[in-house]
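Student: Turn these sequences into a full structure, and let the hints guide you.
Taken in order, these protein sequences are the chains called L and E. Going by the numbering used here, the residue at position 176 of the first sequence is 176; the numbering climbs one at a time, nothing skipped. Going by the numbering used here, the residue at position 190 of the second sequence is 388; the numbering climbs one at a time, nothing skipped.
Honestly, the hints are just simulated from the structure, not real lab data. Among the hints, erroneous ones may be present.
Claimed, not checked - Quick list of in silico lysine-lysine cross-link-like pairs, DSSO-like style, CA-CA up to 30 Å:
| no. | chain 1 | residue 1 | chain 2 | residue 2 |
| --- | --- | --- | --- | --- |
| 1 | L | Lys-189 | E | Lys-344 |
| 2 | L | Lys-170 | E | Lys-629 |
| 3 | E | Lys-676 | L | Lys-188 |
| 4 | E | Lys-603 | L | Lys-189 |
| 5 | L | Lys-189 | E | Lys-375 |
| 6 | L | Lys-150 | E | Lys-476 |
| 7 | L | Lys-111 | E | Lys-516 |
| 8 | E | Lys-375 | L | Lys-188 |
| 9 | E | Lys-676 | E | Lys-375 |
Unchecked claim - FRET-style restraints, in silico, Cβ to Cβ:
| no. | chain 1 | residue 1 | chain 2 | residue 2 | range |
| --- | --- | --- | --- | --- | --- |
| 10 | L | Gln-157 | E | Pro-604 | 40 to 48 Å |
| 11 | L | Leu-35 | E | Ala-575 | 49 to 57 Å |
| 12 | L | Ile-74 | E | Pro-466 | 48 to 56 Å |
| 13 | E | Asp-596 | L | Gln-157 | 19 to 27 Å |
Stated by the list, open to error - Only part of the chain E face toward chain L is listed, based on derived beta-carbon distances under 8 Å:
| no. | residue |
| --- | --- |
| 14 | Ala-310 |
| 15 | Arg-508 |
| 16 | Ala-719 |
Yeah, the Cβ is synthetic: ideal placement off N, Cα and C, and Gly gets one too.
Spelled out from the first residue to the last, the chains are:
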Amino acid sequence: MTTQQTKKNCEVIITGFGGQGIVLAGRILGMAAALGDHKESTLVQSYGPESRGGACCAQVIISADVIQYPYVTIADVLVCMSQSAYQKYKEQLAQDGILIIDQDLVQTDGKRECFAIPATRMAEELGRKMMANIIILGFTTAVSQLISRKAAEEAVQSSVPKGTESMNIKAFTKGYEYGLSKLKGREKKAEGKSGAVA
Amino acid sequence: MQEIKIILYLCNWGPHVAFQTLQDQDYLIPPEVKMVRIPCTGRISKALLFKAFEMGADGVALVGCQTGTCRYGRGTDNAAANTEDTRGILDLLGLGKERLRFAAFLPEDVEALKTFLFQFRDDLRRMTASPIRPGGATAAAPRPGKALAAILAEHHVSACQDCGKCTSACPLALSGKPYSPRGIVNSIITGKLATEAVIKEIWSCLTCGICFQRCPSQVDFPAFIRDLRAHVAGHDNGRGPAHGGFFQSLMRAMTAGGLQPQRWLDLPQDIEVNPHSKTLFFGGCAPYFDVFFRRHQTVKTAAVLTDSLRLLNFFDVKPALLSAEKCCGHDLLWSGDEANFLRLARLNTEMIRALGITEVITACPECYQTMAHDYAAHGIETGFNVKHIYEFLEHEIDKNAVAFKPFAGRLTYQDACRLNRSEHMRAFPRKLLQRLRPEGFSEMKESQNAALCCGNSAWTGCDAYSKALQVKRIRQAKETGSNLLLTSCPKCQIHLRCAMEDPFRGDELRMEMKDLTSVIAETICWE
Chain L
1 MTTQQTKKNC EVIITGFGGQ GIVLAGRILG MAAALGDHKE STLVQSYGPE
51 SRGGACCAQV IISADVIQYP YVTIADVLVC MSQSAYQKYK EQLAQDGILI
101 IDQDLVQTDG KRECFAIPAT RMAEELGRKM MANIIILGFT TAVSQLISRK
151 AAEEAVQSSV PKGTESMNIK AFTKGYEYGL SKLKGREKKA EGKSGAVA
Chain E
199 MQEIKIILYL CNWGPHVAFQ TLQDQDYLIP PEVKMVRIPC TGRISKALLF
249 KAFEMGADGV ALVGCQTGTC RYGRGTDNAA ANTEDTRGIL DLLGLGKERL
299 RFAAFLPEDV EALKTFLFQF RDDLRRMTAS PIRPGGATAA APRPGKALAA
349 ILAEHHVSAC QDCGKCTSAC PLALSGKPYS PRGIVNSIIT GKLATEAVIK
399 EIWSCLTCGI CFQRCPSQVD FPAFIRDLRA HVAGHDNGRG PAHGGFFQSL
449 MRAMTAGGLQ PQRWLDLPQD IEVNPHSKTL FFGGCAPYFD VFFRRHQTVK
499 TAAVLTDSLR LLNFFDVKPA LLSAEKCCGH DLLWSGDEAN FLRLARLNTE
549 MIRALGITEV ITACPECYQT MAHDYAAHGI ETGFNVKHIY EFLEHEIDKN
599 AVAFKPFAGR LTYQDACRLN RSEHMRAFPR KLLQRLRPEG FSEMKESQNA
649 ALCCGNSAWT GCDAYSKALQ VKRIRQAKET GSNLLLTSCP KCQIHLRCAM
699 EDPFRGDELR MEMKDLTSVI AETICWE
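Tutor: So, in structure tokens, the structure goes:
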């Protein structure tokens, strides 16, 4: 994460099936960076036949300076919500980049470490499967620290349909806290405390 | 100097001869020593040893025959074992084991007996007087127990429609005991409370609450029984409470204000606590149980407390502990001693408030029910929130990225009555069980709101029917095909284990049994 913070710009690919809310997640990410954190951001969305179930993709660049070129070639953060999207985009992730997956939908090749979250399952438990994108956005916010929590929550609130704000904030918080706890768990494991009983 | 009181339980046979020789030779026996002549030291149970302390003794000596000279065979060994266990309890209680001693003498050991008595007296003089005074603990203070008419009115007992759903669900009745809640209600309404049969039945109830669950008129029979017990206190079932009333004595002794129990002394090093935390972990009486039952069963209920603390630490909660923690009072409340229940409740509440605690977490279903609900219902404002560890765990596990190590075991679960019926808390243990992802989980034939009791409550009314009930329950557990029975309450562990160790049934009822909290602590890990 230190690399993301020190580097001037950060490039993100969010990808999955059409209909999972991939583009909305990208839009919220960019809006949060631009409106809340006062940085520059761009969004390139690719859809089309993908919206019927193929790999859908949102490319976001967040930068402290003016962004000259909006397409992502090598991503610093790759969020995958489907297996086919993972297969298609995994090579575009930088060596020290962060891979984020929905653990129930993506099986990685195991070649690199990743941050996994059962986002779709959590959304189902919360009552709406379609909120998986907001949960994974919360998770990404926590583990990548690309945008501030406050900016992200404001962007979520202004982007989701009227009347669903509190539910979406709940989903965002769920993902965010899960992300924080992932980081904490990694720290604890590094200290050699993986379980409760010594 | 305040006069100290020493009770000497003296065996009729060997040492009494020595004692008599002392008297015949006009030796001065320390005047503080009050001698009670008994037929055999082996029959002085832990309850009788402790009773002396409850009644204000500063020291108790149990003096019997030397090993091998006991007229009845094993008397001396029993006495030594009972003394050792009771000494363990005295240590936990903060009274100090030095106040209780066992010694054995031959009839001719006159000088040795004399030296022992003087030595004991001098040692006790050097200690401070026991803070337990009969005035503070057992005095017959005006009972807060209510009048019968008030009890009948408060529980809407006359709403009973005499339908019999209670009796047909009552685990005691189903285990063959001629017992009927509606029958008791009818007898009392028609003015037969004072009869021996009714009073006996009042003390037999398990207060498990299944009748309340089934009652179409919502008569809370267990609460009715609880108040009746306070009303008829002093008249019991003719046999007194279970285990000779040891636990009731212990809990009454804890009402002594000056007593400083040492219950957290043997806490493992790796557990982190913070005396300034606003969250308190309330342990309960499990360590006392473990000492009391150490010779009979392989009961390790205190492990649940250390496992709970480890789980709190796992989620970065470093709670405060109350070193002078007293019993929550559950068993006194449910065995008719409301006055001393209130004393314990006030003492605990004052100590917890003095620490500025806002939240109390406990792993004991009885402590939970008592502190979360019964304190307030008896007019004691706590000012802190009480949470059961399952609620805490479910919330944290739901929020955090944790996993469970693979767990090879087919599980079944014994509901704790205080979590299950009284508190509508039965969902939490089941959610946690599912998270463990066991090889299999099957409910027993009677579970959740129909669950069978472990056979006893508040250390009263243990009899052959309780045993039949326990046997039935363990058989149900085995019928599920599971190999591990999970429990929530230390008392379920103790009572079911007792039935499993029945020598007449051999290994027929043996089954591995563990507490759910311990299983979670053993398997939880960061993802």
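Student: Run every hint past the structure and note whether it holds.
Tutor: Hint check:
no.: 1; hint: L:Lys-189 to E:Lys-344; verdict: violated, 58 Å
no.: 2; hint: L:Lys-170 to E:Lys-629; verdict: holds, 21 Å
no.: 3; hint: E:Lys-676 to L:Lys-188; verdict: violated, 39 Å
no.: 4; hint: E:Lys-603 to L:Lys-189; verdict: holds, 14 Å
no.: 5; hint: L:Lys-189 to E:Lys-375; verdict: violated, 56 Å
no.: 6; hint: L:Lys-150 to E:Lys-476; verdict: holds, 28 Å
no.: 7; hint: L:Lys-111 to E:Lys-516; verdict: violated, 38 Å
no.: 8; hint: E:Lys-375 to L:Lys-188; verdict: violated, 55 Å
no.: 9; hint: E:Lys-676 to E:Lys-375; verdict: holds, 24 Å
no.: 10; hint: L:Gln-157 to E:Pro-604: 40 to 48 Å; verdict: holds, 41 Å
no.: 11; hint: L:Leu-35 to E:Ala-575: 49 to 57 Å; verdict: holds, 53 Å
no.: 12; hint: L:Ile-74 to E:Pro-466: 48 to 56 Å; verdict: holds, 50 Å
no.: 13; hint: E:Asp-596 to L:Gln-157: 19 to 27 Å; verdict: holds, 23 Å
no.: 14; hint: Ala-310; verdict: violated, 49 Å
no.: 15; hint: Arg-508; verdict: holds, 4 Å
no.: 16; hint: Ala-719; verdict: holds, 5 Å
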